[in-house]
Amino acid sequence: MINVLSTNITSPLGFSTEENYQAVRTGASALRCYGPKAGESQGLWGLPEPFAASLFSEEQKSRLAIDGYTFFEALAIRSVREALSHISLDVASPRVVLILSTTKGNIGQAVRYYPSEAAAMIAKAIGVTTTPIVVCNACVSGLSAMLLANHLLSASLYDYAIVVGAEVQSRFIVSGFQSLKAVSAEPCRPFDMERNGLNPGEAAATIVFAAKSPSDRDMTGAVGWQLVDGAVCNDAYHIVSPSPQGDGLTNAIEAVMKGRDKQQLASVCVHGTATLYNDQMESKAIQRTNLSDVPLSALKGYYGHTMGAAGVLETILSMRATDDGIVLPSKGFTELGVSGKVSISSEPKKTDKHAFLKLMSGFGGCNVAAMFEKTTDNRPRTTDKAKLVKAHTVKLSSEDGMSLTDIYKQQIGDYPKFYKMDILARLAFVATEKTLSNSPLKEEDKKPAIILFNHSSSVVADRQFFDTIRDAENYFPSPSVFVYTLPNITAGEVAIRHHLCGETSFYILPERDEALMQQILEATLAQTNATSAISGWVDAESETCYECELSMYNTTS
Amino acid sequence: MEQLIKDLKLQIKEALNLEELSLEDFDADAPLFGDEGIGLDSIDVLEIIVLLEKEYGIRLANPKEGKAIFKSVRTIAEYVQANRKK
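Chains A and B supply the protein sequences, listed in that same order. Numbering (the numbering used here) for the first sequence: 78 to 634. Numbering (the numbering used here) for the second sequence: 112 to 197.
Be aware that one or more of the hints could be misleading.
Stated by the list, open to error - Derived DEER-like restraints, expressed as beta-carbon distance ranges:
id : chain 1 : residue 1 : chain 2 : residue 2 : range
1  : A       : Ala-549   : B       : Leu-121   : 25 to 31 Å
2  : B       : Thr-186   : A       : Glu-331   : 39 to 45 Å
3  : A       : Gly-120   : B       : Gln-114   : 37 to 43 Å
4  : B       : Gln-114   : A       : Pro-493   : 23 to 29 Å
5  : B       : Glu-125   : A       : Ala-549   : 20 to 26 Å
6  : A       : Ala-549   : B       : Glu-176   : 20 to 26 Å
7  : A       : Ser-233   : B       : Leu-121   : 55 to 61 Å
Stated by the list, open to error - With a straight-line Cα cutoff of 30 Å, these simulated DSS-like cross-link-like pairs (lysine-lysine) come out:
id : chain 1 : residue 1 : chain 2 : residue 2
8  : A       : Lys-418   : B       : Lys-178
9  : B       : Lys-117   : A       : Lys-494
10 : B       : Lys-165   : A       : Lys-258
11 : A       : Lys-494   : B       : Lys-124
12 : B       : Lys-196   : A       : Lys-258
13 : A       : Lys-494   : B       : Lys-175
14 : B       : Lys-117   : A       : Lys-486
15 : A       : Lys-114   : B       : Lys-175
16 : A       : Lys-486   : B       : Lys-124
17 : B       : Lys-165   : A       : Lys-494
18 : A       : Lys-114   : B       : Lys-165
19 : B       : Lys-182   : A       : Lys-494
20 : A       : Lys-258   : B       : Lys-117
21 : B       : Lys-178   : A       : Lys-494
22 : B       : Lys-165   : B       : Lys-124
23 : B       : Lys-124   : A       : Lys-511
In case anyone wonders, no lab produced these hints; they're calculated from the structure. Predicted, not measured: the structure shown is a model, and the values here were computed from it. Built from N, CA and C at the ideal position, the CB exists for glycine as well.
Working from the sequences, and respecting the hints, build out all of it.
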């Protein structure tokens, strides 16, 4: 359990939480249609197919820009600075950590390609001196980042966490989602009969968390809110398609609602991307967890899918609306188009309750549920670190001279999907196979946490995808390459292979830092019910330059 | 037609990285999806759509249209023959 100190949303609808909330209350949306003009073959970013998106205007961009920083970095910095302006926090203290949530960071820019480099620039600009951690868990990144803050603060590793989610849209991201036929040319319609895809969105959103409850001096509008609990559960079904019955999301909701009364919930703020499969799956999970009569709030009709920012942004809006006694209406929704029983409306609803559940699901099969509550119970709850024992370690390096394909052929050989994976997923796959063959999972333990770290994110797959969208003559964006440009797919592949339905997370660090990795792992296991973990460093800079050290861990009491 | 089927088999094998599928065992009438046949999934369908555009200039905007077309290599070949632009 951790306390919210301050928040900010910087989006095309406004540059503060309050501006954004008031805009949403009037039903505003920055979603616009972008596409080739009549008689032209290409639209924005040279893309041939139309799409609707929520993007910053040129005027807004020039107001947000900061000399020497990319727009992505400036956006995150502006958001964090505004959030910090409401409180007095010694950001340079070794007790403050910065957690950046993004799916593709600086992908459209020419500099600081690695997300950890962007995070380092942001940390320096705001004055944070500890190592910034980048959470790269596809669409669930924002919620994952807040849960990581909960783990780290509850383990007393830091006193404060600045969680910033940010995403800037580009040719890369939009063409990728278009290749997956997941983008709508019209403003999206979450949970609606006519829904036909998501809209990419740009935004940054920040929540500053404290381990201890804030003093009166620190009071801002968001004070009193706490992140009380959360769970991450993998579907172990498919790297892109969600489990049709919402298995992973059901498990995550059940874990969070265990021992809690649904009567206390003002709302469930759903992921609601408006793709056919996501919303259908979510409706199933909501029905299966007996939440059908709790009002839903789907917010992507206002902002589109702001990806790395979405979890943080939608959580802030839900806190603000709940404070106002309101469940925000789901813009774009008119007629129910999912088979699971849910309560969703395009009209605002009144509420006198003070808690909500936030849900997100994403590629790589990961699902997150988190509970936010406004309580007067401000006792800090810290947990002991889990004691971990390494059961087995596997090291793989390109310097050993043996190709991953050779290792697969000689030592594994019964999983043809190996050939479909990118280098990063192959590396984690081979290392996990070798680890588990030496140290098999116990029958009762099918929920080990899979927590992977690296420096280079998915740089090899990124390059391969760029090749498929190079220019107008050679524009054939490859869906199967694009999915691997989300590094957490790697953990998803391992989960699918062994039907592992526990947490899957992917974190990016400036460099291999065993001490920090160990701290994150211990703090995570202390906060979750996992009794084992597959964790370590998985990095590939090219097909022939890679490094991996993966271990199987068990907890001891 | 037979040549087109042969070309498509090779193109599909390469585009989808079906490394362990031998072209001799790749039956033109075998169902491409489900456990009975080649066992392709939803991303594979999308990748075949890209392949058809790249190699044959066919644009299939709605993947739902693909259900009948993507039954087997033979049904794809028939569709390509009727609709190819290059």
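Outcome of the hint check:
1. A:Ala-549 / B:Leu-121: 25 to 31 Å: For Ala-549 of chain A and Leu-121 of chain B the Cβ distance comes to about 27 Å; the hint holds.
2. B:Thr-186 / A:Glu-331: 39 to 45 Å: holds, 43 Å
3. A:Gly-120 / B:Gln-114: 37 to 43 Å: holds, 38 Å
4. B:Gln-114 / A:Pro-493: 23 to 29 Å: Since the Cβ atoms of Gln-114 of chain B and Pro-493 of chain A sit about 27 Å apart, the hinted range of 23 to 29 Å holds.
5. B:Glu-125 / A:Ala-549: 20 to 26 Å: Holds, since Glu-125 of chain B and Ala-549 of chain A (Cβ atoms, about 24 Å apart) stay within the stated range.
6. A:Ala-549 / B:Glu-176: 20 to 26 Å: About 25 Å separates the Cβ atoms of Ala-549 of chain A and Glu-176 of chain B, which means 20 to 26 Å holds.
7. A:Ser-233 / B:Leu-121: 55 to 61 Å: With a Cβ separation near 60 Å, Ser-233 of chain A and Leu-121 of chain B satisfy 55 to 61 Å, so the hint holds.
8. A:Lys-418 / B:Lys-178: Roughly 29 Å separates the two Cα atoms, so the pair holds.
9. B:Lys-117 / A:Lys-494: holds, 23 Å
10. B:Lys-165 / A:Lys-258: holds, 17 Å
11. A:Lys-494 / B:Lys-124: Holds, at roughly 13 Å.
12. B:Lys-196 / A:Lys-258: holds, 22 Å
13. A:Lys-494 / B:Lys-175: holds, 25 Å
14. B:Lys-117 / A:Lys-486: The hint holds at about 27 Å.
15. A:Lys-114 / B:Lys-175: holds, 27 Å
16. A:Lys-486 / B:Lys-124: holds, 19 Å
17. B:Lys-165 / A:Lys-494: holds, 24 Å
18. A:Lys-114 / B:Lys-165: holds, 24 Å
19. B:Lys-182 / A:Lys-494: holds, 21 Å
20. A:Lys-258 / B:Lys-117: holds, 28 Å
21. B:Lys-178 / A:Lys-494: Answer holds: Lys-178 of chain B to Lys-494 of chain A is near 23 Å, not above 30 Å.
22. B:Lys-165 / B:Lys-124: holds, 15 Å
23. B:Lys-124 / A:Lys-511: Judged against 30 Å, a Cα distance of about 28 Å means the pair holds.
Hint compliance for this structure: every hint is met.
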